[in-house]
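K.L.:
Per my numbering, the sequence shown starts with residue 1, numbered consecutively.
A portion of the hints provided could be inaccurate.
Each pair of labels, with its calculated beta carbon distance range [to be verified]:
#, residue 1, residue 2, range
1, Ala5, Gly99, 27 to 33 Å
2, Arg114, Pro33, 15 to 21 Å
3, Gly123, Ala5, 17 to 23 Å
Worth flagging that the hints you see were computed from the coordinates, not collected in a lab. Values in this document were obtained by computation on a predicted structure and should not be read as measured data. C-beta: ideal position from N, C-alpha, C; glycine also.
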Amino acid sequence: MVTVADAGAPGILAFVISERLTRADYQDVLLPPIAARIERGEDLRALAVIEDFHGLESAGLVTELKAAARLGSGQRSIAIAIAVVSDIDWVRRSLSLFGWLVPGEVRVFTGEQRAAAEAWLAGV
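Given only the sequences and the hints, what does the whole structure look like? Please build it.
P.N.:
So this is what it looks like as structure tokens:
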């Protein structure tokens, strides 16, 4: 499930991701505001709070996530900064290993560091 959250600063997209990320969540909630910013040529600053996460729905979602990464990678003139806040060990390790695949800069923070994540995004 994906819900839109308050990022604490203007110009920052914020989402809470929990339970299982479905294709519908991705298409209807997560992708539209991100794609709109990229298509307008605006910098993308996003906060993703991942809690009680049980993984991805496999039906086509991985293919769509790859397509979204290509959308961002084609925009060399915009800055992309993503702060991920999670206390889930496997999520943190996965992002540390594979975060380089995401265009732009990805930083991982613990739940206690959420204010630091928001401050980093506000300063980018």
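K.L.:
Evaluate each hint against the coordinates.
P.N.:
Hints and how they fare:
no.: 1; hint: Ala5 / Gly99: 27 to 33 Å; in the structure: violated (21 Å)
no.: 2; hint: Arg114 / Pro33: 15 to 21 Å; in the structure: holds (20 Å)
no.: 3; hint: Gly123 / Ala5: 17 to 23 Å; in the structure: holds (19 Å)
The structure fails to meet hint 1 from the earlier list, while all remaining hints are met.
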